[in-house]
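Engineer: As a plain string of letters, each chain reads:
Protein chains: 4
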Amino acid sequence: MREEFIQVFITGGTFDKEYNFITGQLYFKDTHLNEMFVRGRCTLELDIKTLMMIDSLEMCDADREIIKHNCISTKTDKIIITHGTDTMVKTAKVLSDAGIEGKTIVLTGAMIPYAFGTSSDGFFNMGSSLGFVQTLPPGVYISMNGRYFQWNKVKKNRQTGFFENITS
Amino acid sequence: MREEFIQVFITGGTFDKEYNFITGQLYFKDTHLNEMFVRGRCTLELDIKTLMMIDSLEMCDADREIIKHNCISTKTDKIIITHGTDTMVKTAKVLSDAGIEGKTIVLTGAMIPYAFGTSSDGFFNMGSSLGFVQTLPPGVYISMNGRYFQWNKVKKNRQTGFFENITS
Amino acid sequence: MREEFIQVFITGGTFDKEYNFITGQLYFKDTHLNEMFVRGRCTLELDIKTLMMIDSLEMCDADREIIKHNCISTKTDKIIITHGTDTMVKTAKVLSDAGIEGKTIVLTGAMIPYAFGTSSDGFFNMGSSLGFVQTLPPGVYISMNGRYFQWNKVKKNRQTGFFENITS
Amino acid sequence: MREEFIQVFITGGTFDKEYNFITGQLYFKDTHLNEMFVRGRCTLELDIKTLMMIDSLEMCDADREIIKHNCISTKTDKIIITHGTDTMVKTAKVLSDAGIEGKTIVLTGAMIPYAFGTSSDGFFNMGSSLGFVQTLPPGVYISMNGRYFQWNKVKKNRQTGFFENITS
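Chains as they are written, first to last, in our numbering: chain G, 7 to 174; chain D, 7 to 174; chain H, 7 to 174; chain P, 7 to 174.
Hint data in this document are derived by calculation from the structure and do not stem from the laboratory. Just so it is clear, the structure is predicted and the values come from calculations on it, not from any experiment. Treat the hints with caution; some may be incorrect.
Think about it this way: if two alpha-carbon atoms lie no more than 27 Å apart in a straight line, the pair counts; the simulated BS3-like pairs of lysine-lysine are [unchecked claim]:
(1) G:K162 to G:K81
(2) G:K109 to G:K74
(3) G:K35 to P:K162
(4) P:K74 to P:K99
(5) P:K35 to G:K162
(6) D:K99 to D:K55
(7) D:K35 to H:K162
(8) H:K81 to H:K96
(9) D:K35 to D:K109
(10) H:K109 to H:K99
(11) P:K35 to P:K74
(12) H:K35 to D:K162
Working from the sequences, and respecting the hints, build out all of it.
Structural biologist: Laid out in structure tokens, this is it:
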């Protein structure tokens, strides 16, 4: 039996990066997701679970297996995954190939860390993703730039940082 | 013939309020919507039009007629309206009573002005509304707190500031 | 015997105002001073004490007596007072008339609440005030707009919100 | 003849770094100094000049010669230099060794870029530096953490990121 909550899986990505003022590098500490839902005054029933906190360029097959396993085992049919933008489509393919039935899976991310204040797109993307996960039919989607894309009809343009439809 | 863009109508509300440091009062100057879509790196085709810049407690019948007229005359079937939260449901009723067919109309707002930086819920609500307007069937909806509500099944709880389902 | 710490007295003012999203009014909750010194990575020895949390237009004689009493009794010779800008000069006069000897007293404030994020001048003003309180000779000063003023040679221009020298 | 304005020299450093969302690296684009003085509602007469935009770890002898030359040739006796924190003391030594007489030179910086919003210490440090440059006697100083230090009695603690007095 499917339950009504929305499952949010955290995997890291630019979304949750922070600035280390000692080293001058970006790194991961704690997720900002909880704080974002409070600020968004979100009253949806959410289950937020951190699966990993990594840069998506460093995500390996085993990591994607963990994500897949969690998508399969969660009891709800509405799943949002925060993910680095560079390999978002690759993870989406793994989830699609897994043949998970009856679940709407939305991968989202940010181009600028949420921790960088009013310049970040993360808060907006999370809002859009919540909209899409509650309304789209089962499938695996990418949500970026206010839009949703079928996972197999999108690519990230590395020159501009925007996600674009693949027109085949 | 319906066109593909999303129509955004601005009516004011807390969303667009600013702090006047001379008088210490909140007031309206320019809208922040354009800036929000840039920050959200939104690549949807949008048509943004300011209908008025007022507090929704001061919105009168003539103002609602203007909103209705614009919803009827726009050539697209996807409409977002930014609106003060206090009378959002009242305007939604006017739009519903107008019998506008085949259009998805989403009213949204904010509890804290966008101009107040990282405490505002406005950017998140706009993200959600973009999600809902692209996916919900024709009708008039309220989008707040990460959720959508049928316009006639929701009320604002004045004590908490949250929108709640009316369970009749 | 004088001690080395800097005394910070909080009286409220725009500095510490917040937005009440239920009523749409500005109000006082907790001070933001501690958070500001953490963010400023301040390593000075500070003693921060909230004397009151009020709008300076509502400050009465008894309130100014409290401020005066505290300035007299603190064991340090370096005092910063956060204060609403509208009657800052009036309080400064009370402190000057008290004939407090050997103490540098700097009154400062903000035109936009610290809680309103990256638009506020409060963080900058607190930085300046720390600079002035450590270096100016004993006396009563106003610190605003990156400058310091002798308390009796300044007025707030109500039209512009800037503090200006009185040229007599 | 000395003039009344404050000279601000920009050299880059963390202060002015920005996040490149394409590469995920920090870089320099335009300075934020002008915007900071507007936000601080600063009414001092300032002359702001960008000498270079570099990381202070990459600053070479020729760069320091440029800074020195500009400090010598400016017509005012009040100079603020924004600078990366890692070699701030080294540049201060060059300026001190130059034997510039009658000028108060304050070097300041930030541990977190100004562009990263409400987490940055830069705005506070600029406020302090304005306070110090207007009040300290001629000499070369470092202003960080709300304090000023004689250039030859301070070191940056690389483990903590704080500036500390050298107690010899």
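Engineer: If you test the structure against every hint from before, which numbers come out violated?
Structural biologist: As far as the earlier hints go, 1, 9 are violated by this structure, in ascending order.
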